[in-house]
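*Asks:* Chains A and B, in that order, give the protein sequences. Its first residue numbered 1, the first sequence is counted upward by one per residue in my numbering. Its first residue numbered 374, the second sequence is counted upward by one per residue in my numbering.
Source of the hints: derived by calculation from the structure; they are not laboratory data. Idealized CB from N, CA, C, for every residue including glycine. One should not assume that every hint holds.
[Said to hold, decoys possible] Example chain A residues on the side facing chain B (calculated, C-beta under 8 Å, incomplete): (1) PRO31; (2) THR44; (3) PRO216; (4) PRO321; (5) ARG333.
[Stated by the list, open to error] Derived list of chain B stretches under chain A, where covered just means 3 residues or more per stretch with a C-beta under 8 Å from a C-beta of chain A: (6) 421-434; (7) 507-521; (8) 624-633.
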Amino acid sequence: MMHRVAALFVRIIPVLILVSLGTAFLIELVPGDPAVAVVGAEGTPEQYAAAREALGLDRPWFVRYFDWIGGLLRGDLGRTLVPPVQDVASLIASRLPVTLEIAVLSVAFALAISIPAGTWSAYRYGRAFDRVASGISFGLISIPSFVLALMFIYLVVFTPESVTVLIVAVSATAAVGLASAARRNNAASTARERRNRILAAIGILAVGVVLVLVMPDFPRQGFVRIGEGGLGENLRTVALPVLVLGLAESAQLTRVLRSDMSTTLKDDFVLASRAQGMPTRHILLKEALRPSTFSLVTVAGISFGRLLGGTVIVETIFRLPGMGTLIVESVARKEFMVLQAAVLTVAALYVLVNALVDISYLYLDPRTRHVRV
Amino acid sequence: MRLRKSVAASSTILVVLAAGCGSSAGDSVAVVSGVCTTDRVGGSVTQGTLLTPRGLDPVGQPGAAGSGGTEVQALFDTLMTYNTESQQYEPQVAETLTPSEDFTVWTMTLRDGVRYGNGDALTADDVKQSIERHQSPSNTQVSRGEALTIASMDVLDPLTVRFTLDGAYPAFPHVLATDVGMVTNPRIVEAMGPEQFALNPRGAGVGPYELEKYAPGEEIVMSAKHDYWGGPVCIQTLRFISIPGAEGTLDALRTGELDVALLREPPAIAEAREEGLGSLSTLYNYGEGVVMNSAASRPTADVRLRKAIVAAVDPEAVNKRVFNGTALATSALIHEDTPGLYSGESGPSYDPDLARTLVNEARNSGWNGTIRLLADNSPIRINEAIAVKALLENVGFTVELDNDKSLAEVLGKVASDRDYDLVIWGPNYTNEGLWALMNRQLNSQSKSNYYGYADSRMDEALAALRTATTPEQEREIVARMQVVLDDSPVIANFAAYEEDNVHSSRVGGLLLTRGSVLRYDKAFVAGA
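Could you put together the complete structure from these sequences and hints?
*Replies:* So, in structure tokens, the structure goes:
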């Protein structure tokens, strides 16, 4: 197993070299001249030429690239070209935590929704819950994230009373539905199941009450770091972006899990468990879930990597100082050293996450441990 | 049964809670008046800016409010200040500024007891060293040209400096009201080096605020100085952030995340005013138009074509198509709303028939009828370019539109490469510091004249504008310039534009100074 893990990490190196080389080449193709931004609009042709020379822009791109690689090997990622002149490593160090936090929370939120929803959809395949969950998933997949972001801003920031009404409507409807189901004297349901439904209805209502009472005002934009405003304030500022990105990701994760799990639930070992009288919870969580999560883990890993690259539109809408906006600004300003370093960082994290996903297969399915790489 | 009753009771509670959670938004209060006093000390203000600044060193700033002007004003203050209400220059950190009879020598005395944030006393020698940084060839910004009007500086005593200029300049206080008049503590600059200083100028200014945090691209946070020479400073914390887009900025004003914001787009400004937000606006003449490259190699070197373009562009049509009628449409050099400078001169008229005649004349002289129009890819500029293209093609031009470039790329093509025929552009002339602004761009001898414009009558008018001593003289010269521009145009202007510092009713005492820059030294938060 250690051999396989080591082999995975060795494969990362050439990927990163190719990524950085490709980035250096592509940024060279982007039109623009950082010297103009450095000198400003009122410069003379001589000043522009002097600035180009001082910044090394008069040298071929591959010479600049190898200079940068040399610096990278010495731990120096360079400095920005356009004032204020900053250390690129510090710039990335200030932006990466924002993106990491958003990505981790979004994927965690997406999994928190998709695992129970996907599992229960598979269990209730073709029935009311599955149809409703599928409809919501398709809806979320169809809506672009920036539209979702603007909808959330309108609802949560500008008309918070509508969110209160929505919470009341959803929780009351769910509670009344559960209570009605419990009231029906269905031969298939036991007294205990009916009691559980009533308790669930009360629980949903209680959650609704708590949400209405404790829901804070969410900011339209901005980001507060934990070290500056505390954890509560930090979470308040990331709540909406995480909700937007998490919901969008949860839709496809739910679909993937539902599909895999519905297949797993037809497997012989599940049927055997049912025949032995195992409770549903045990069958779903202990028996069927783990073998159904291959695709889920893969897609979640890809989603996480994509979020690390930055969801530029969402970052822009919520004014989050993350890696996405840094990369876009770097392209616009032709800040090649910032761009190369940022893309390399994201690529390194991306391949690392995917390597971890590969490694997770070894846990999820012991049979893969014996496959040679 | 008891459980079901519980469900019903909980539902009722939720409905009651929902009804009680109605929004209280929409309450509006009149903008507060007055200035900061000791009983108004407290509170914080967040301002939305247009662009992130190029650091916080006054040297190397473009000098505009939209890119850090208000921020450096708060940290460094200025020797002189421009009062937009009286349209007069007033001493600020300086106590007096006195000219010689011919306005070539100016003697400035500093206020006694002014100290930097680190406790050092401000001296006349610091002023000299600070201005020398602006004059250095390494400074490529506008402030260098302003500072180079000073031929020499003599420190007469610790509080007195004598400026000898390169010629008569009655409006010289303007120079000391810009970034050039922001004194930086030379000891801190030397200790830190210019690059680090631009990131952390703590302790190096004599302004009302001290820097607390500077995260480029994120935010700038400042705290009030308790020993500010012009104190007290009421607003305890100032925060500057940049929100992309005018609509996003307006949203943030509505939610209270911003208290003040600098807006530039006419529809957004109109919306803010309709909603009752406070307004401190600055008018920029020749704000939006089609700049024509007059350099010899260009089709627009032919003055007939330049006149044809001016006659073909209808300001009202562009205003309706692009700004929903909210812009200050005009073809004139000076819009009629310009305080103190409008002389009654109207700009050239929209005359498509004249334009067609001139285009035909140029075609008959061998020109192929094609002209290139450059515009950046911001939504407003794209719309402007489309409207202008239609107007030009209406009179016989064949327009090759290039509007897929970023503002930085367009800036490179115009200012650095000078590779354009026509560009959607705004020279932006305020009535404050008018000579300095116009001279850079329209004087045939200016190295920053990337319009290729050369007309001896304009050069003469600019020389006269520099030495004008009264508003009447300025108006007369500007009227003369309009005649020159009608005969030998450089821009087909279609609008003056405003920059507006809109603010919520909770902030009072804001002072507008030159170039849309705000002063916070007398500002306060109502009820803080």
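*Asks:* Would you mind marking each hint as holding or not holding in the structure?
*Replies:* The hints, checked one at a time:
no.	hint	verdict
1	PRO31	holds, 5 Å
2	THR44	holds, 4 Å
3	PRO216	violated, 12 Å
4	PRO321	holds, 5 Å
5	ARG333	holds, 7 Å
6	421-434	holds (count 5)
7	507-521	holds (count 4)
8	624-633	holds (count 5)
When held up to the earlier numbered hints, the structure conflicts with hint 3 and nothing else.
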